[in-house]
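Asker: Chains as they are written, first to last, in our numbering: chain S, 1 to 541; chain P, 1 to 96; chain X, 1 to 213; chain L, 1 to 323.
Note that these hints are calculated values from the structure, not bench results.
Keep in mind the model is a prediction, meaning the values are calculated, not measured.
Where is the CB? At the ideal position from N, CA and C, for every residue including glycine.
Please note that a few of the clues may not be correct.
[To be verified] Think about it this way: if two alpha-carbon atoms lie no more than 30 Å apart in a straight line, the pair counts; the simulated DSS-like pairs of lysine-lysine are: (1) L:170 x L:226; (2) L:188 x L:226; (3) X:115 x P:30; (4) P:30 x L:276; (5) P:30 x X:122; (6) L:163 x S:241; (7) S:241 x L:306.
[Said to hold, decoys possible] Calculated Cβ distances over 10 Å to all of chain P for the following chain S residues: (8) 146; (9) 248; (10) 318; (11) 530.
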Amino acid sequence: MSLLVESSKAPPRMPSYLEAGHTVRSWLFTLDHKRIGILYMAAITVFFSIAASAAALMRIELLTPAGDVVTSETYNRLFTMHGVLMVWFFLIPSIPSVLGNFIIPLMIGARDVAFPRLNLLSWYLFMAGGILATYSIVAGGVDTGWTFYTPYSSTYSNGHVMAMAAGVFIAGFSSIATGLNFIVTIHKLRAPGLTWTRLPLFLWSMYATSIILVLATPVLAITLVLMAMERLWGVGIFDPKLGGDPLLFQHLFWFYSHPAVYIMILPGMGVVSETLAAFARKPVFGYRVVAASSMAIAILGFLVWGHHMFVSSQSVYAGVVFSLLSFLVAVPSAIKVFSWTATLYRGHITFETPMLYALGFIGLFTVGGLTGIFLASLAVDVHVHDTYFVIAHFHYIMVGGMVMAYMGGLHYWWPKISGRLYHEWTARIAALITFIGFNLTFFPQFVLGYLGMPRRYHMYPEQFQTLNVLSTAGASILAVGYALPLFYLGWSFFFGRRAGPNPWGATGLEWKTASPAPEHNFETTPVVTTGAYAYDAEGNP
Amino acid sequence: MHSAAPAKTTLFATYFALIALLALSAAAAKWQIGPLWNLFIALGIAAVKTALVFLVFMQLRYQRGLVRVFALAGFLWLAISGVLTFSDYLTRGWTP
Amino acid sequence: MNDALSHPAAPPYVDRDQHSVANHLGMWTFLATEILFFGGLFTGYTVLRWAHPHAFAEGSRHLEFWIGTANTAVLLTSSLFVALADLAIKRDDRRAARRHLVAAGLLGAAFLGLKGFEYFQKFQEHLVPGSGFDAHGAQPALQLFFFLYFLMTGLHALHMLFGLGAIGWLLRQIGRGAVSRERPDAVAIVGLYWHFVDCVWIFLYPLLYLIGG
Amino acid sequence: MNRPGIAAFFSSGASSVAPRVDALFWSLVLASAVVVAVLVLLNLTFLIRYRRGSPARRGPLEVSTWKFEATWIGLTTVGFLGFFFWGARVYLDMERVPADAYSINVVGRQWMWDIRHPNGRREFDELHVPLGRDVRLLLSSEDVIHSFFAPEFRVKQDAVPGKTVSVWFKPTREGVYPLYCTQYCGTKHSQMTGRIVVMSPDAYAAWLTCGPTPRIAERGRELFTKYSCSGCHDQPSQIHAPPLLNVYGSMVPLQDGTFVYAGDEYLRDSILLPTKQVVAGYQPIMPSFQGVVSESDLLDLIAYLKSLPTAASAAPQPSPAAP
Numbered sequence: 001m002s003l004l005v006e007s008s009k010a011p012p013r014m015p016s017y018l019e020a021g022h023t024v025r026s027w028l029f030t031l032d033h034k035r036i037g038i039l040y041m042a043a044i045t046v047f048f049s050i051a052a053s054a055a056a057l058m059r060i061e062l063l064t065p066a067g068d069v070v071t072s073e074t075y076n077r078l079f080t081m082h083g084v085l086m087v088w089f090f091l092i093p094s095i096p097s098v099l100g101n102f103i104i105p106l107m108i109g110a111r112d113v114a115f116p117r118l119n120l121l122s123w124y125l126f127m128a129g130g131i132l133a134t135y136s137i138v139a140g141g142v143d144t145g146w147t148f149y150t151p152y153s154s155t156y157s158n159g160h161v162m163a164m165a166a167g168v169f170i171a172g173f174s175s176i177a178t179g180l181n182f183i184v185t186i187h188k189l190r191a192p193g194l195t196w197t198r199l200p201l202f203l204w205s206m207y208a209t210s211i212i213l214v215l216a217t218p219v220l221a222i223t224l225v226l227m228a229m230e231r232l233w234g235v236g237i238f239d240p241k242l243g244g245d246p247l248l249f250q251h252l253f254w255f256y257s258h259p260a261v262y263i264m265i266l267p268g269m270g271v272v273s274e275t276l277a278a279f280a281r282k283p284v285f286g287y288r289v290v291a292a293s294s295m296a297i298a299i300l301g302f303l304v305w306g307h308h309m310f311v312s313s314q315s316v317y318a319g320v321v322f323s324l325l326s327f328l329v330a331v332p333s334a335i336k337v338f339s340w341t342a343t344l345y346r347g348h349i350t351f352e353t354p355m356l357y358a359l360g361f362i363g364l365f366t367v368g369g370l371t372g373i374f375l376a377s378l379a380v381d382v383h384v385h386d387t388y389f390v391i392a393h394f395h396y397i398m399v400g401g402m403v404m405a406y407m408g409g410l411h412y413w414w415p416k417i418s419g420r421l422y423h424e425w426t427a428r429i430a431a432l433i434t435f436i437g438f439n440l441t442f443f444p445q446f447v448l449g450y451l452g453m454p455r456r457y458h459m460y461p462e463q464f465q466t467l468n469v470l471s472t473a474g475a476s477i478l479a480v481g482y483a484l485p486l487f488y489l490g491w492s493f494f495f496g497r498r499a500g501p502n503p504w505g506a507t508g509l510e511w512k513t514a515s516p517a518p519e520h521n522f523e524t525t526p527v528v529t530t531g532a533y534a535y536d537a538e539g540n541p
Numbered sequence: 001m002h003s004a005a006p007a008k009t010t011l012f013a014t015y016f017a018l019i020a021l022l023a024l025s026a027a028a029a030k031w032q033i034g035p036l037w038n039l040f041i042a043l044g045i046a047a048v049k050t051a052l053v054f055l056v057f058m059q060l061r062y063q064r065g066l067v068r069v070f071a072l073a074g075f076l077w078l079a080i081s082g083v084l085t086f087s088d089y090l091t092r093g094w095t096p
Numbered sequence: 001m002n003d004a005l006s007h008p009a010a011p012p013y014v015d016r017d018q019h020s021v022a023n024h025l026g027m028w029t030f031l032a033t034e035i036l037f038f039g040g041l042f043t044g045y046t047v048l049r050w051a052h053p054h055a056f057a058e059g060s061r062h063l064e065f066w067i068g069t070a071n072t073a074v075l076l077t078s079s080l081f082v083a084l085a086d087l088a089i090k091r092d093d094r095r096a097a098r099r100h101l102v103a104a105g106l107l108g109a110a111f112l113g114l115k116g117f118e119y120f121q122k123f124q125e126h127l128v129p130g131s132g133f134d135a136h137g138a139q140p141a142l143q144l145f146f147f148l149y150f151l152m153t154g155l156h157a158l159h160m161l162f163g164l165g166a167i168g169w170l171l172r173q174i175g176r177g178a179v180s181r182e183r184p185d186a187v188a189i190v191g192l193y194w195h196f197v198d199c200v201w202i203f204l205y206p207l208l209y210l211i212g213g
Numbered sequence: 001m002n003r004p005g006i007a008a009f010f011s012s013g014a015s016s017v018a019p020r021v022d023a024l025f026w027s028l029v030l031a032s033a034v035v036v037a038v039l040v041l042l043n044l045t046f047l048i049r050y051r052r053g054s055p056a057r058r059g060p061l062e063v064s065t066w067k068f069e070a071t072w073i074g075l076t077t078v079g080f081l082g083f084f085f086w087g088a089r090v091y092l093d094m095e096r097v098p099a100d101a102y103s104i105n106v107v108g109r110q111w112m113w114d115i116r117h118p119n120g121r122r123e124f125d126e127l128h129v130p131l132g133r134d135v136r137l138l139l140s141s142e143d144v145i146h147s148f149f150a151p152e153f154r155v156k157q158d159a160v161p162g163k164t165v166s167v168w169f170k171p172t173r174e175g176v177y178p179l180y181c182t183q184y185c186g187t188k189h190s191q192m193t194g195r196i197v198v199m200s201p202d203a204y205a206a207w208l209t210c211g212p213t214p215r216i217a218e219r220g221r222e223l224f225t226k227y228s229c230s231g232c233h234d235q236p237s238q239i240h241a242p243p244l245l246n247v248y249g250s251m252v253p254l255q256d257g258t259f260v261y262a263g264d265e266y267l268r269d270s271i272l273l274p275t276k277q278v279v280a281g282y283q284p285i286m287p288s289f290q291g292v293v294s295e296s297d298l299l300d301l302i303a304y305l306k307s308l309p310t311a312a313s314a315a316p317q318p319s320p321a322a323p
């Protein structure tokens, strides 16, 4: 490792962003994108823990077919809380708001994002939304499921739907602010010489993600307003009694929520491209096609929402159209998987923790993607829709994909964030535990779904018990895999070995400045002369 | 990018065109030629008015390509939402 | 944040032009989100009108044609004044810029006044959706029309209020000299917002007032 | 339902469509397994062969990358399109309700399935159907969205308030099969389960007649008066309203020049959304009964309208005992 060499020729140290102030005020009123990234990290860790606890309770309940641990009301509130918090308060902000905020300006050689004040505002909006959502949970919870389907949510549910919807609504504006900031940042603040074809693939994927954030989120906002008005007013356009249509809600909701799935996976793909290149010490195979596939996913992702509605009594023909488009959106994802595999060819591969997470991502995302093909096939979807097959599928994408990528990215950029290294072997073992626990938790759910176990079931017929027990056992292993990093990363933050500017020997502007990053990122604006991942034949940057 | 801005006369000309279109729109609504035609005329005039506001008042015709793309993106995505939603509603009655 | 000395432009920017371009791009991106925000409503409106053409025509006949038309004219005129203010600030005529903005703001307030009057009328006619709604013998979908009417015009009015706030802020900034010929961006940015809100109304007008048929 | 889990995994289901869905499903499993195997093999090979410090030959690639890219873009697209057509074909057959299907009304309600057979026999959370007949369920809901899911039949359809949706299947094996609600519908969602009993046609015919069977069409006639439908629609009447004889099963001319087939959905829409399809030559003056008529009254009213002499009187409700 070139650690010693690198650090010895490091420039005289400017104060790092961590040393720029130690008061609470210096954190809460910071305009520094790096500190805002850290604020997001703290917040989403809390929300993740709450949502994961809800999942743990659900898995314990599902050990036995009878509803013996919690009541049906509680169970329904648990999965709603799990879904809402995980989707809007963990997955969507995870890589974009934490790693994106921290890394994007460093990667493009800028001092900050385009609108630092807006960036801080977006964190406050996020917190306001999170606090409202938490309030609605503490006040008694919501039992609508994260999808808020009408007329259940607008008329029949007795939960604190309004507070929850308001929380999501406000957090949505935080998403919009972040996406807008990234779009303008990537367009306007790139270092001299950093052309679009030299852009690291993480930036391409973040750009694509931002487009979705900006164009999809407003539709969710207005849909929630319509739903809330209907609940408040007793009148609304989704109400069949007045001639409204409950399916209209689903159209509007999925117009946002399907692209939102890509908000939750595209950044992960970007992280994987970065880490694979860094630890194979080689450019990503087919750079242009991989970059273009991110954009293709972002755009095609808006055309497929109807595949959530194949059995909803949507028109048969619309179903056929949406099915065809859904197959097409799978093509760019497949391109990425093949390109990643080809990237390994003729590399100089090492197996540090981020690489293990990236390899885990490729495996799990492939399974998630392929089962997505099952769900796009109309006839099969009719059978497995709203069963545990769907649960397994999207957890393979969201947890196996996005959470793996988030953990991988966190480990990869941890030296830049904290200036220190974590204990490598502990981290590798945690990654392995996560991978095993994950598969044990979710693979049985594919089988359960095919056998017909519906989702959101508090009690279930006895023949499903064996597989549910397996799944719960896996969940307990997964919990260990998630808890470990909290400890060793926390320890490393204060006591870890100091990392040089570039501990992995990777390319990319973020590795050209000190670790932890200086307050203003770069002493002089860097100039870029090569494409991304310019490793030489020996795998050196 | 500030140097190229509409002249005062352009602004006033645009304004009077907008008011004329409004008058036309109001008059056309009183002149019954079938609900569908009336709707098309009303929306067509609204589209022309919006185009005028975007191009002149919002100075889109003086902006570089990127900003134009962003200005159009919103409308394009709105069209996606409308067209695909209606792919359901318009074919609901059909049976295979 | 206090080392702006080494950089002539505000922190992340190299120069003012870059900052200005970023501001414009940011505002246009925001407007794209606004299009989709109102777009959700327009999609909903289209679906329901397609399902209940008679009820919607009936609802449209209950609205005051002259208020809708007058309000459109009021907004178009206010837009002209905002565009003139932008022109004036670029020509370093701050007094004229302020005068135009005041005119635009007053027109905006007049719009809201007329809107409020119409709301009051509907309230008296029991056309506000809810338990007190009186369908006047028409079918229940009439209530959906008025639900959409109040939501669409209400959200539009809310945007108008924000716009008025922005104009007030702009007047103050121009008075303090923080917005001037050297830094005219704020007028154009607020202007973009104001014109956009105007465009929303340009579509609301035919969709709500002109479909009585 | 009573079979152990693993055996059910390889079952061919209990409806005519189930083997076709399964064939597609297992083909997808096979194709996925091949893809995963190839990828895992390639990845492992590369990871081992090109680990840092290994003696394997490196150096720039000799071939252009775009040939590879084009190949796998082409192959995946073709493969995906193949599965799309297969899936869509089976789906369209699943959605095409056979014309002579035997119709049963199913109403979803928090939290039970309320089922009515053509002769008026009513049952809850249990659905008896004759073996070998095309069975059409007319699904509706009284409150929120429910979903009718019969896993052994590979059939699922949401029951949406405010409309009637058809779903059909042809049971191919006698037995007792599970029925679930798969659209989250509130507190007792997981208890909105039931059984589907597939019986021989004779046994079904016997079962049909042994229970209580209120004459729903008669009740419908009373409701027809109670809701004042008769005031306008019975001839002669002061008010100009379309007569209802010979309507069911006919093609009704509409004001806009089109025609609509007067099936169950049409009757339902005409009561709840009368101005949606206005009959040619009449004014849209009928008030909507949306929210006035309960779902169960609505079914009885429709049953009454269907019991009137129809255009296709020669083809009355198919008798349940016929195979």
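Asker: Does each hint hold? Answer for all of them.
Answerer: A quick look at each hint next to the structure:
1. L:170 x L:226: Outside the cut-off at roughly 38 Å; violated.
2. L:188 x L:226: Roughly 34 Å between the alpha carbons, so the hint for residue 188 of chain L and residue 226 of chain L is violated.
3. X:115 x P:30: 22 Å, holds
4. P:30 x L:276: This hinted pair holds, its Cα atoms lying about 25 Å apart.
5. P:30 x X:122: 22 Å, holds
6. L:163 x S:241: Holds, because 10 Å separates the two Cα atoms, which is no more than 30 Å.
7. S:241 x L:306: 24 Å, holds
8. 146: The claim stands: residue 146 of chain S keeps its Cβ more than 10 Å from every Cβ of chain P (closest is about 21 Å).
9. 248: 8 Å, violated
10. 318: 4 Å, violated
11. 530: Correct as stated: the minimum Cβ-Cβ distance to chain P is 25 Å, above 10 Å.
In summary, the structure is inconsistent with hints 1, 2, 9 and 10 from the numbered list given earlier, while agreeing with the others.
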